[in-house]
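Participant: The numbering of the sequence shown is the working numbering, which starts it at 1 and goes up by one.
There may be inaccurate statements among the hints.
[Said to hold, decoys possible] Cβ-Cβ distance ranges computed for the label pairs, FRET-style:
no.: 1; residue 1: Gly74; residue 2: Arg277; range: 51 to 61 Å
no.: 2; residue 1: Val276; residue 2: Val311; range: 18 to 28 Å
no.: 3; residue 1: Gly214; residue 2: Gln49; range: 52 to 62 Å
The hints are simulated quantities; they were obtained by calculation from the structure and are not laboratory data. Quick caveat, the model's predicted, so the values are computed rather than measured. Beta carbons are placed, not taken as given, at the ideal position from N, Cα and C, and that holds for glycine.
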Amino acid sequence: MKPLLHRFIAPGLLLGLLASGSAWAESFSNVDVSNNATIAGAAFFGSIQVDPLGNSSSYGMALDVSQETEEVWGGYITPAHYEDNWVTVEDWGWVESGGYWSPQYSWGVVGQDYFPPVYDEFNNVIEPEHWEDRYDNVYIGDTWIAGNQNWGITGTHTENQQIWVEEVNSTYSELRYNAPVIHQRATRSDANWVWEVPDGGAGTHEIMRLWDGGLALADTSGIGMVLSPSSLTYTRSGTVAGASSSSTTALVGALAATYTTTSVTSGVWGQSKTEVRPEMLRLTRTETASGTTTIGQTQIAARSASFAGVVTVQGDLKVQGVLRVAAHGDISMGEFTNGPMP
């Protein structure tokens, strides 16, 4: 039977194991993983020249995941309540205080004394020997002398009863894991991140590019977008009906928004540009035909306006200041159909 490691890992495939800060690994030309593969650390991809002159090489991109933690404090309140519990209860009654035991005595024989015989001078016994009882107080026991009777604690016993528990405010802390952060690190600062899809043939088509200058989106229909830290550029082709070629570009920045449409129609190159700024609106039309370029521009600002072409007013024209006309003779007026002739 093969070892357990060989039954789960294809022959020839060895994984680097991390232990006590050291690691060992082997390189393979082809690795086929038929099931899931878990990489606890970072994964490194590609081999590139870090120095533009080719003096040093390294991996092209590293991929890893990190997650930070933070200690979060919370609180909760345990409401006041009654709770069953074994408690010690005092027993009350009449308690005697000041009593004492008094020893009792009785007068009685406590012993005998010996008296020898008494002789006279002729050696005659004038008093024979004898014993006499000796008397004294004899202890016969104690007698209790009662004291005062007071109401007090005579003892204790335990019993199960409800006790009142006050409200308790408690705090706790828990370790919360923040959102995981997926890191993709390039070795060179000018690296471009490109996303591609099949183009329907044998090649691929780029749909998105990310680099230090911005983000670019594109498709095969002539639509593209570039997002940079300072502006947004949108380009689309085929925007002018009847033109052999045409495109429109919108550039939106912090100070101005510019819309430019370029087209070629019947050999005439034309460009229409609209500039929108906080202080003014400018319209510019440029046409080039047979080597001759014609430019017309209209600008409307808060304090002035200029028109390079024909101005047509469908409604009333009100002039609050001076109406100035260039010195080219009399002003010709159309035929009056209503009202008195001026």
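Participant: Please go over all the hints and tell whether each is borne out by the structure.
Facilitator: How the hints compare with the structure:
1. Gly74 with Arg277: 51 to 61 Å: holds, 53 Å
2. Val276 with Val311: 18 to 28 Å: Between Val276 and Val311, where Cβ atoms are some 20 Å apart, the hint holds.
3. Gly214 with Gln49: 52 to 62 Å: Once the Cβ atoms are compared, 25 Å apart, the range 52 to 62 Å for Gln49 and Gly214 is violated.
Checked against the numbered hints given earlier, the structure breaks only hint 3 and satisfies all the rest.
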